[in-house]
Amino acid sequence: MTIAETIENKLRAELAVTHLQLENESHMHSGPATDSHFKLVVVSEGFAGKRLVQRHQLIYRVLADELAGPVHALAMHLYTAEEWQARNAEVMPSPNCLGGSKADQ
Numbered sequence: 000m001t002i003a004e005t006i007e008n009k010l011r012a013e014l015a016v017t018h019l020q021l022e023n024e025s026h027m028h029s030g031p032a033t034d035s036h037f038k039l040v041v042v043s044e045g046f047a048g049k050r051l052v053q054r055h056q057l058i059y060r061v062l063a064d065e066l067a068g069p070v071h072a073l074a075m076h077l078y079t080a081e082e083w084q085a086r087n088a089e090v091m092p093s094p095n096c097l098g099g100s101k102a103d104q
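Under numbering that gives the first Met the number 0, think of the first position of the sequence shown as 0, with each following residue one higher.
Simulated from the structure, these hints should not be mistaken for lab results. All C-beta atoms, glycine included, are put in the ideal place defined by N, C-alpha and C. There's no promise every hint is true.
Computed beta-carbon distance windows for the label pairs [claimed, not checked]:
| hint | residue 1 | residue 2 | range |
| --- | --- | --- | --- |
| 1 | ASN87 | ALA47 | 15 to 21 Å |
| 2 | VAL16 | ARG50 | 18 to 24 Å |
| 3 | ALA74 | LYS49 | 16 to 22 Å |
| 4 | ARG50 | VAL90 | 15 to 21 Å |
16 Å max Cα-Cα, derived EDC-like pairs, lysine to aspartate or glutamate [claimed, not checked]:
| hint | residue 1 | residue 2 |
| --- | --- | --- |
| 5 | LYS49 | GLU82 |
| 6 | LYS9 | GLU65 |
| 7 | LYS38 | GLU65 |
| 8 | LYS9 | ASP64 |
Could you put the whole structure together from the sequences, leaning on the hints where they help?
In structure tokens:
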């Protein structure tokens, strides 16, 4: 099972997910790791009434093993269904990495 599949399975098992999108953005970053940088979009009514930091803490708890190991960076976009609709079901594209050897290009 890939790290992306593990992440998706854990989140679906722990949250009432209505939309989940996970993008491997490792190719946009310096270094040899191929499964280390991800962009995550989760829509769940489980986020209702929770502040952004509480939503992030929930994801950190569910993915503790992955964040302690192979995942170096996880950009999180966490919404309720109403918030997701208000955004027209869109998130901004991630910026290109300027760290490490990428800054020299």
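So, going through the hints one by one against the coordinates:
Look at ASN87 against ALA47: about 20 Å separates their beta carbons, and that is inside 15 to 21 Å. A hinted range of 18 to 24 Å holds for the C-beta pair VAL16 and ARG50, which are about 19 Å apart. For ALA74 and LYS49, the Cβ-Cβ distance of about 18 Å falls inside the hinted range of 16 to 22 Å, so the restraint holds. Roughly 19 Å separates the CB atoms of ARG50 and VAL90, a value that falls within the hinted 15 to 21 Å.
About 12 Å separates the Cα atoms of LYS49 and GLU82, which keeps this hinted pair within 16 Å; it holds. Under the criterion of a C-alpha separation no larger than 16 Å, the hint pairing LYS9 with GLU65 is consistent with the structure, at around 10 Å. Between the alpha carbons of LYS38 and GLU65 the distance comes to roughly 14 Å, so the proposed pair stays at or under 16 Å and holds. Of the pairs offered as hints, the one joining LYS9 and ASP64 holds, with about 11 Å between alpha carbons and a cut-off of 16 Å not exceeded.
Consistency note: the structure conflicts with none of the earlier hints.
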